[in-house]
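Trainee: Now for the letters of each chain:
4 protein chains.
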Amino acid sequence: MGSKLKTAIIGSTGYGGVELIRLLASHPLAEVTSVISSSSAGSPIAEGYPHLTEIRTDLLDDVDPALIKSKADVVFIATPSGIASKLTPSMLEAGLKVIDLSGDHRLKSPEVYETWYKKTPASQNTLDLAVYGLAEIYGDAVRDQTLISNPGCYSTATLLGLIPAVKAGYIDPATIIIDAKSGVSGAGRGVNLGSHYSEVNENFSAYKLNKHQHNPEIEQVLSAEAGYPVVTTFSTHLVPMTRGIMSTMYATVKDGRSTDEFIAFYRSFYEGRPFVRIRQEGTWPSTKEVWGSNYCDIGFAVDERTGRVTIVSVIDNLVKGAAGQAIQNLNLMMGWDETLGLQFVPVYP
Amino acid sequence: MGSKLKTAIIGSTGYGGVELIRLLASHPLAEVTSVISSSSAGSPIAEGYPHLTEIRTDLLDDVDPALIKSKADVVFIATPSGIASKLTPSMLEAGLKVIDLSGDHRLKSPEVYETWYKKTPASQNTLDLAVYGLAEIYGDAVRDQTLISNPGCYSTATLLGLIPAVKAGYIDPATIIIDAKSGVSGAGRGVNLGSHYSEVNENFSAYKLNKHQHNPEIEQVLSAEAGYPVVTTFSTHLVPMTRGIMSTMYATVKDGRSTDEFIAFYRSFYEGRPFVRIRQEGTWPSTKEVWGSNYCDIGFAVDERTGRVTIVSVIDNLVKGAAGQAIQNLNLMMGWDETLGLQFVPVYP
Amino acid sequence: MGSKLKTAIIGSTGYGGVELIRLLASHPLAEVTSVISSSSAGSPIAEGYPHLTEIRTDLLDDVDPALIKSKADVVFIATPSGIASKLTPSMLEAGLKVIDLSGDHRLKSPEVYETWYKKTPASQNTLDLAVYGLAEIYGDAVRDQTLISNPGCYSTATLLGLIPAVKAGYIDPATIIIDAKSGVSGAGRGVNLGSHYSEVNENFSAYKLNKHQHNPEIEQVLSAEAGYPVVTTFSTHLVPMTRGIMSTMYATVKDGRSTDEFIAFYRSFYEGRPFVRIRQEGTWPSTKEVWGSNYCDIGFAVDERTGRVTIVSVIDNLVKGAAGQAIQNLNLMMGWDETLGLQFVPVYP
Amino acid sequence: MGSKLKTAIIGSTGYGGVELIRLLASHPLAEVTSVISSSSAGSPIAEGYPHLTEIRTDLLDDVDPALIKSKADVVFIATPSGIASKLTPSMLEAGLKVIDLSGDHRLKSPEVYETWYKKTPASQNTLDLAVYGLAEIYGDAVRDQTLISNPGCYSTATLLGLIPAVKAGYIDPATIIIDAKSGVSGAGRGVNLGSHYSEVNENFSAYKLNKHQHNPEIEQVLSAEAGYPVVTTFSTHLVPMTRGIMSTMYATVKDGRSTDEFIAFYRSFYEGRPFVRIRQEGTWPSTKEVWGSNYCDIGFAVDERTGRVTIVSVIDNLVKGAAGQAIQNLNLMMGWDETLGLQFVPVYP
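As you go down the protein sequences, you meet chains A, B, C and D in turn.
Residues 1 to 349 (UniProt numbering) are what the first sequence spells out, left to right.
Residues 1 to 349 (UniProt numbering) are what the second sequence spells out, left to right.
Residues 1 to 349 (UniProt numbering) are what the third sequence spells out, left to right.
Residues 1 to 349 (UniProt numbering) are what the fourth sequence spells out, left to right.
Think of the hints as simulated: they come from the structure by calculation, not from any bench.
There may be inaccurate statements among the hints.
Calculated cross-link-like contacts (lysine-lysine; reagent style DSS-like; alpha-carbon spacing at most 25 Å) [said to hold, decoys possible]: (1) Lys211(B) - Lys254(A); (2) Lys208(C) - Lys119(C); (3) Lys254(D) - Lys211(C); (4) Lys86(A) - Lys69(A); (5) Lys254(D) - Lys208(C); (6) Lys211(A) - Lys254(B); (7) Lys71(C) - Lys86(C); (8) Lys71(D) - Lys254(C); (9) Lys208(A) - Lys254(B); (10) Lys71(D) - Lys6(D); (11) Lys86(A) - Lys119(A); (12) Lys4(C) - Lys71(C); (13) Lys108(B) - Lys119(B); (14) Lys254(A) - Lys167(A); (15) Lys86(A) - Lys108(A); (16) Lys118(B) - Lys208(B); (17) Lys254(A) - Lys208(B); (18) Lys208(D) - Lys254(C); (19) Lys69(A) - Lys6(A); (20) Lys71(B) - Lys86(B); (21) Lys108(C) - Lys167(C).
Quick list of the computed label-pair ranges, beta carbon to beta carbon [to be verified]: (22) Lys118(C) - Thr57(A): 29 to 39 Å; (23) Gly194(B) - Thr339(A): 44 to 54 Å; (24) Leu59(B) - Lys208(C): 37 to 47 Å; (25) Ala224(D) - Pro28(A): 34 to 44 Å; (26) Gly194(D) - Glu304(C): 25 to 35 Å; (27) Pro28(A) - Glu114(B): 56 to 66 Å; (28) Leu193(D) - Ala46(A): 34 to 44 Å; (29) Glu114(B) - Ala66(D): 24 to 34 Å; (30) Gly272(A) - Ala66(D): 33 to 43 Å.
Okay, the calculated bits of chain C under chain D, using three or more residues with CB under 8 Å as the criterion [claimed, not checked]: (31) 176-185; (32) 200-207; (33) 246-258; (34) 301-313.
Small disclaimer: the values here were computed from a predicted structure and weren't measured.
Built from N, CA and C at the ideal position, the CB exists for glycine as well.
Let's have the full structure, built from the sequences with the hints guiding it.
Mentor: Set out below in structure tokens:
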């Protein structure tokens, strides 16, 4: 393992962090040399995560830039939003490359961040430095960068489903409505009534209607792609399952484009990007079909009666929506094949 | 029990039928005197449904109009669509009142039925006789009728959420998009890969996009309420849970109506109808909050940025979406208080 | 409602309390006149439990014996263990009858309580006053008492399955092994990692092996029935579901008793007690078959190869294992029919 | 890929087969060159399993020994029991090595097979040829063999938990009681009421008490290890989850062995076998902690009060209980490191 790239993970006791550990365990060119948690430093990571018994026998490190730099060259920050922005400058100063899985460096405007996250934003300088790592769209820009901002889980599923159509003028951006659904792991390992088993099981709920912090992220990207400000309706729902996001998206079709035209165009758009799979006419992906993998699967249904298209996009929120895409960004940053360590077959059933 | 109204249930071995049995067991003025199943006639109903052990010790009857008439005055038909239309005429001729839970008598046009259901429609005569029993809206028309068509589960959640706004001009009907989600029991007890546990568990899927047979039912009603043809986008999804439907609905708001105005108007619209509960600003109902009950709970979120309203409506698909509303229609048909036998507290958690 | 018995519920915001509210809402002779919570006093109960919207519009009361006595004659205590013992003396002094759903008054020995619960026990005086309300076995002793101790959920399923066989000498008590499984609601509404959805879903776990506090309760009763000290092996497991307990019990059969003899004997033992249902040979109950109801269903399998019997007993932990049996005890205490307000058909599916 | 060992999978459309495909996709020395299904021959495998879209684009082959031999050197048979025994002789004759995941070659006695499986047994000759591939116990015997019988899922969890204690005389084999629990995928992809989502969800059930076909398999092995006939009580239960088996085992301890002695002994017994992990005192494994991996985790609790030990053993039924152990057997058969292609971190959460 001596010649592998050394990486460290801040927030190793969260679901994003522990998924990075799982995925990097089979990466051919990178390894995890430090697992870090401010709250549990000094304990074996396998104590809180017994599934890692005999797999990772090391203790959790404290958040110390010099210590991290002595052990690693790249650091993943998998903390909640509001914490990553505080840690990032010292990591960069210590000479580490940073891949931030939180929401702290996604929005280019500190004001917009503050409005939606209700937290102190990162500095404009740091935000300017950050590259938004939506791998299939902005992968080229990631190479050799020092601060990558990993996209939000909802944003990833949604943007991969919408960008080609917006870019090519297949839909009218002013009509976009996004009805998104997520498994519970997206909310992290923190305990609260909203993730209590007896409250969530056999229940389907809507939350944060028009208020979710991934909404401005989606709009920032769509506006850039459209060339003018795009405003969207964005709803989020909680599904009684652990992993998986589906984004069901609606928009008015332009120029009478058919389902087949959408499929053909998306296939050509994503050619050579193996993690996006376009489904054939009449079928739509379900979340289980990408479970545990880095795939984003997309299907289409144009309705001539209404002149609208329905686009269905699914990912595993912890893989393509978090740890998997972060590793994909690591690969791109290092100039490696983007699929390294990520060629998992989805776990089915 | 001698003085209670006698009812029979065709399709007692399906989920709709067995839910009728559960609910009618505590009805003060009606009782089930015959449980009927063409496929299992002669067997004890508790054999296939052991939860009924010692509660119902009777055998399943065959589908025989004269026999049913000798035992009952009202018959619920809880068969799949395509069968109810064949049984109904002989039941009416035998002098029975019919409450049909299938989709066979909901659409007024045989042609539209054939297009969406891909089955032979009921005769125009029978369709003309049928009264559409969306209880809170058309309850008055149900009284003393002989053939009630019980609304679809998706249709009930959706229409109770949309009708007031369409009727009052709070929204533009041409912009309506309905993203609906259902638990698995809605597909019935028949076995197929689509209801196989290992395929559905930890999975969220979309199906029948723009093709679901409740779509023309919704449009038929909305068109009648609007006074002109309304076409809607309607998507259905399968949630890994047994019971519950959520309909998330989107439309462009007219006249700058606010969330508070929607709430106030819906509260006044449904005043005196105890099964519709309008939630307060900033909260939306979840399916578990109506689980096992006849409630339909509705919440609103107007977004000034987009000029759209999001309406969230939830029901228990087997109660308000099937057996419960059928009993509510029985109550209305008989001139009784519509809440008789239905005043259950939702089961939580 | 004026002539109904007035009852109050301490711990109304827990799952046991809110289930009492649900069940008592349809009780013909009792009503809930005060819902009490020390932590949320002053708030509407429907705020934390939106499923009670428009059903219970009252505010939560504080825990004040005089106030409670002014509003009610009987108080249910549905707090965690360790709290009920502190509240009970003042409630009794205020002239209230008490039905305690916690574990504080089940064990007759304060020392044994302290060993297993690791908490301060109730006084010996209060323990002596408490009647153990395992309704089908000790129902007669409950009448006209002032302090009823409602049995534990695991204990109820287990003891109803074992007592007849122990009493009649069908099995050797020294060989009893109890493998019990429970849904998550048994752990209450408190938030912790053990009830976090993403940890429990798609997971089956064992906990508190040989250490569960219902073990001494089971042994206390079996010892009394056997006439000598009985020690049992007792294991508890967490099932990824909300409600339901199954107790699978093993023991060496005496006198070559067959499955049929067990069934016949149990049927005669529980004759006239409608909430215990003995299943026929070759079938065993599942938890869903009693879901939402006050039933305890029991099945048997004697294996001639091993000389052992396997007894399967299921209940809904929140009904027969908590609130339902508490109401059954209220009925017995008041000299009413034990089934009043409890004649629910299980909710299936 | 040219130099990899070529393998074929009969029964590729079942859960065992599709899990073999998933796991072998990342095997460094073997590949799947033919996916076979008698019922769906000619169709793309990804049609029935869309999660394989773009991963496996080949069509399903028919069951033809010559064809298989032309494409592969080793064939996995992942059909239901009763079919594998019919296919095996022709595969062996064609010169293929066979790894049979069904139950057809596990029992050494055709009579015992017939009694428990109620099907026609394999010939005694073939049974004599078959090597029972419980990898950690009989791994040496697998090398260079031509017919490996892969152990049952329940048997694997149970035997890995019991063999060391039986072998070393830590427990009395006559007292063994096995209470086993499985996720639903163990029953395969075939549709029936027993795997219908609405019947299984929020339900825990017992089935085949004292009748499960893995019971004689367990007894055959334990008898061989003990040196005399061992009879066990064996119960199976269905858990509302897709993957995972827990076997909770009870036996009387000999010589006053403590929990610590069990742990120390098992650790030494399984030294060098990385897929068995022995948990520390006071903790027991849960099924999710081995989910998606080839691990078998085992924990212990000796109770001095009863003189019994409780042993908890968990596996993923589709990996260590089926496809994973089959690949482990392939590795052993070929003389490779047994962990090749199996070093997955469990998927958590």
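Trainee: Within 33 to 43 Å: is that where the Cβ-Cβ distance between Gly272(A) and Ala66(D) falls?
Mentor: holds, 39 Å
Trainee: Lys86(A) and Lys69(A) were given as a pair; does the straight-line alpha-carbon distance stay at or below 25 Å?
Mentor: holds, 17 Å
Trainee: Between Leu59(B) and Lys208(C), is the Cβ distance one that fits in 37 to 47 Å?
Mentor: Since the Cβ atoms of Leu59(B) and Lys208(C) sit about 46 Å apart, the hinted range of 37 to 47 Å holds.
Trainee: Range first: 24 to 34 Å. Now tell me if the beta carbons of Glu114(B) and Ala66(D) are that far apart.
Mentor: violated, 51 Å
Trainee: With the threshold set at 25 Å, check whether the alpha-carbon distance from Lys211(B) to Lys254(A) stays at or below it.
Mentor: holds, 21 Å
Trainee: Do the alpha carbons of Lys211(A) and Lys254(B) lie within 25 Å of each other, as the hint requires?
Mentor: Distance ~21 Å between Lys211(A) and Lys254(B) Cα, so the pair holds.
Trainee: Between Lys118(C) and Thr57(A), is the Cβ distance one that fits in 29 to 39 Å?
Mentor: Distance hint for Lys118(C), Thr57(A) holds at roughly 32 Å.
Trainee: Lys208(D) and Lys254(C): Cα distance at most 25 Å?
Mentor: Holds: Lys208(D) and Lys254(C) sit about 23 Å apart, inside 25 Å.
Trainee: Verify the CB-CB distance for Pro28(A) and Glu114(B) against the hinted window 56 to 66 Å.
Mentor: Holds, at about 58 Å.
Trainee: Quick one: see if chain D covers the segment 246-258 of chain C, three-plus residues with Cβ-Cβ under 8 Å.
Mentor: holds (count 3)
Trainee: Between Lys71(D) and Lys254(C), is the straight-line Cα distance small enough, at 25 Å or below?
Mentor: Roughly 60 Å separates the two Cα atoms, so the pair is violated.
Trainee: Straight-line Cα separation of Lys108(B) and Lys119(B) no greater than 25 Å?
Mentor: Cα-Cα ~15 Å, so holds.
The structure does not agree with the numbered hints 8, 23, 29 stated previously, though it agrees with the rest.
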